[in-house]
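Note that the protein sequences, when read in sequence, are chains W and B. The first sequence begins at 101 in our numbering and counts up one residue at a time. The second sequence begins at 101 in our numbering and counts up one residue at a time.
It should be emphasised that the hints constitute simulated quantities derived from the structure, not laboratory data. From the three backbone atoms N, C-alpha and C, an ideal C-beta is built for every residue, glycine too. Hints should not be assumed to be uniformly reliable.
Unchecked claim - So, partial list: chain W residues that the calculated Cβ filter (under 7 Å) puts toward chain B:
| id | residue |
| --- | --- |
| 1 | Leu186 |
| 2 | Ala189 |
| 3 | Gly243 |
| 4 | Ser246 |
| 5 | Glu249 |
| 6 | Asn274 |
| 7 | Val350 |
| 8 | Ser351 |
| 9 | Lys365 |
| 10 | His395 |
| 11 | Asp428 |
| 12 | Gly448 |
| 13 | Gln451 |
As the list claims (entries may be wrong) - Some chain W residues flagged as far from chain B (calculated, every beta-carbon gap over 10 Å):
| id | residue |
| --- | --- |
| 14 | Arg102 |
| 15 | Met151 |
| 16 | Val153 |
| 17 | Gly187 |
| 18 | Arg200 |
| 19 | Val201 |
| 20 | Pro313 |
| 21 | Val366 |
| 22 | Arg387 |
| 23 | Thr414 |
| 24 | Gly432 |
Protein chains: 2
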Amino acid sequence: MRISELDTPVAIVDLDRLEANIARLQAYLDAHGIANRPHIKTHKIPAIAQMQVSAGAVGITCQKLGEAEVMADAGLSDIFVPYNLLGPARLQRLIALMRRVTLSVTVDSAVTARGLSWAVSHSDAPAPLDVLVEFDTGMGRCGVQSPTEAAELAGLIHSLPGLRFGGLMTYPFNERTQDFVEAVRALLKPEGVSIARVSAGGTPQMWRAHTCPAITEYRAGMYVYGDRYTLQSGAMTLDDCALKVIATVVSRPTAARGILDAGSKVFSSDTLGLEGYGLILEYPQARFYGQSEEHGHVDFSACPRKPEIGEQVTVIPNHCCPVSNLFDQIVGARGEHVEVVWPVAARGRVQ
Amino acid sequence: MRISELDTPVAIVDLDRLEANIARLQAYLDAHGIANRPHIKTHKIPAIAQMQVSAGAVGITCQKLGEAEVMADAGLSDIFVPYNLLGPARLQRLIALMRRVTLSVTVDSAVTARGLSWAVSHSDAPAPLDVLVEFDTGMGRCGVQSPTEAAELAGLIHSLPGLRFGGLMTYPFNERTQDFVEAVRALLKPEGVSIARVSAGGTPQMWRAHTCPAITEYRAGMYVYGDRYTLQSGAMTLDDCALKVIATVVSRPTAARGILDAGSKVFSSDTLGLEGYGLILEYPQARFYGQSEEHGHVDFSACPRKPEIGEQVTVIPNHCCPVSNLFDQIVGARGEHVEVVWPVAARGRVQ
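Chain W extracted, bound-state conformation:
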């Protein structure tokens, strides 16, 4: 079957580009001796995770336990969940997962560390659990705020039953990351505690990972697909973008306006600071200025030719990760030829 025969909206992955993107980052990280642990939140598809591991990734990263469970079911065996896991239901699932795969997690508080320790040491899970300390070098999300806090938490983890201090984790990395890590290392040295892993992440800055020698492991997600945001960051080119959405122009109510059959239920409302909701390849001057759930609102006034009703257009989304989460399946194509249809097996795993 050819792409043009598919009903729209449909999400298509160009398999040649996907494979090239996977190979390119692996080669870069290999060349710099950095372990590759890609974040599967972008694709949520076990087959792509397996491609990443086959290419040389040491394991994968999942943001929620539910994603990790799906990946474990599919045979992925080394999974990092860089998330504060709390509460009896979740800790029970963590223990179950520890029995099946090599698992590591992060914490940024003593409360969370003590909860993990309690759960692991009151179970028959294959202890110890590797626990990394998340630190914040500027994003302002989770993470301890200072090397002193990081060292204290590392010391606590080191002392708690069932846990092993696994190193440090941050997202994204920046010019402060190196000094932060070295300060923690210095604080931990007298205690005899070493930092096994320093895990950093982020697709926009991935080609600079080697400029921060402290980094031992890299987590990139979006690099497999690419999107308007990664294009703008300069980390990928339009020819690298593997994910596109085909939509149909269903209405041309005015001379300028065109309405697509894909809105926020397909593209999400993420702007990531960009103007508009996507890049329309056939009409690069078009302004995708608005969305409702099932409609994309496009201004074609700057385009020399304007689309007919019924015409299909190709859209590069702002942010590829939520697009994966919004589709039950993704079509893998080589050129115009549909080669595979993947269920997005780990989509919707909010817990």
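Assemble the complex: chain W is given as a structure, and chain B must be docked to it using the hints.
Leaving out everything else, chain B in the frame of chain W:
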């Protein structure tokens, strides 16, 4: 099971409020002789659609054929799809659906009308198909722009094999709707074409539907659940809000900041013009200022008491419809008691 025993993030529907919301709009529309045809895009759950029909709705509204197919499978028998349906794959599905339920659709162009006519008259579907003309009285999405265009398109539908002109449709309605409809009626009178239905919609303005006497049918979606947006519109109160998301505070990296285990993968990035991403009931002064996919970023600095790590909070989302689409299941509760878990059967139906 009690709500507090559920893992988070979890979406909860208060069944008492849901039932009251369904009854309240039905009573209002009944009192004004307006047919109720609720939009199921908000909940995407057949059991709730059945509650709406049992309460007196004449049928339901779905935004995509895929939603209509799920609802038909569940026994809903009168379905309106106010969408321009184009292309062979979609028209084939339309024909299949016409054999199963009473179906009506909209168009805003001759191209779309002719496509429907061709598909219906080249099939054994139980013709005619009721086709309404969508008109635009200000939203600037789909819809013909003038009464003249509307009348011309109505005339075309009237003349095309397999179709029956079913009336007019707009979203939302406003102060121009009445005059627009009457102008079309005057233009069609000499042709002997009458306007069987005038279908308007929108939850924020639902209690004003009777002020536009032309309206014969009303499509509201969000009224079943309510959200921050409908609160702000004044159409519902906080005590009417039936949908809430329970999340856990998983990090307190600074004195002011708290991070929830629910971000844009739960709430969507829809702001609908509102500040922030949700209302936290236990901390009304909190500012839910940011999101990443799996994290909610909250500033608790204005709150006299601040949450502990591990504490659960209750969030009223900005926009309930995408929240439904992001959850595979929704928990129905009466008070604190879980009564039912509904699969969101029509979620993710992008086609």
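Report task. Determine which of the earlier numbered hints do not hold for this structure and return their numbers in increasing order. Result -> 4, 5, 6, 17, 21
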